[in-house]
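Asker: Can you build the whole structure from these sequences, using the hints too?
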Amino acid sequence: GAVVSQHPSWVICKSGTSVKIECRSLDFQATTMFWYRQFPKQSLMLMATSNEGSKATYEQGVEKDKFLINHASLTLSTLTVTSAHPEDSSFYICSAIPGQGIEETQYFGPGTRLLVL
Amino acid sequence: DAKTTQPPSMDCAEGRAANLPCNHSTISGNEYVYWYRQIHSQGPQYIIHGLKNNETNEMASLIITEDRKSSTLILPHATLRDTAVYYCIVRRNFGNEKLTFGTGTRLTIIP
Chain A
3 GAVVSQHPSW VICKSGTSVK IECRSLDFQA TTMFWYRQFP KQSLMLMATS NEGSKATYEQ
63 GVEKDKFLIN HASLTLSTLT VTSAHPEDSS FYICSAIPGQ GIEETQYFGP GTRLLVL
Chain B
506 DAKTTQPPSM DCAEGRAANL PCNHSTISGN EYVYWYRQIH SQGPQYIIHG LKNNETNEMA
566 SLIITEDRKS STLILPHATL RDTAVYYCIV RRNFGNEKLT FGTGTRLTII P
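Chains A and B, in that order, give the protein sequences. Just so you know, we're using my numbering here: the first sequence kicks off at 3 and counts up by one. Just so you know, we're using my numbering here: the second sequence kicks off at 506 and counts up by one.
Because the hints were derived from the structure by calculation, they are not lab data.
Counterexamples of contact, computed for chain B against chain A with all Cβ distances above 10 Å: (1) A518; (2) T531; (3) I568.
What follows is a list of derived Cβ distance ranges for each label pair: (4) A:E61 <-> B:I615: 33 to 43 Å; (5) A:L78 <-> B:T584: 29 to 39 Å; (6) B:A522 <-> A:K68: 39 to 49 Å.
Cβ coordinates follow ideal geometry from the N, Cα and C atoms, glycine included.
Answerer: Structure follows, in C-alpha cells:
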C-alpha cells in the first residue's frame, strides 16, 4: 500500500513553454501532498505544501505564479511550471500523506525529470 | 524542526550489517525520528520511524538512545541494492508537518 505515482517520468520542453506534472496517490486518499525539487548533487528542497480544496502554501523563495499547484481531489495534485526556463531544469518529486491517522508518514513518488532547452 | 547530523559517507561489505548513525541532540519531545533513502534518480523511499522505543520492520531496525539525542539505523544484511543516500529526519507527526532533508549519508555496499 501507500503508492504514489507521477506522470510524466521525464519531459523535455522548449524555453517559454509550460509543463504540467501530475502526482497521484494510487491506493489511498491524501489530504496533503508536498512538492519538492532536487538539483544535481543536492538534497531535496520543499517547494510547497498542497492541501485538497485550498490554496497551496509555498516555501520562501518559491514563486507561486511560476509554479502553479492544484490539488483538486484527494488523489491528485498537479504542478505546472509556467514559462519554463533552463534554470527550472530539475528533478521534481511529490509526496503524500495517507489519511489523518495518528502517525502520518510521507510517501514519495518516483519523480519527474524536467529538462528545459 | 530539530537538525540532524550524519556522516557524509560510509562503506559496508555486502552481507554485513550496515549501521548508520544520526545525531539529533536538540530533538523535542513530540518529534519522531524518520529514516528515508534515495537510490540514484528515484524518489525517496520510507524505511522506518520511531519516537523513543526501538523499532524493527522488514527493511531495517531503528535504535534510539534513551535520551533520544541520537539513533542508529541498522540494515541487517546489506546487499548491493542498499547502495543509496540515507536521510535521518526529525519531524512532529502532524498532518502538514514537512520533512526537511539534510545532506544524508551516502552508503556504498562493497561486493
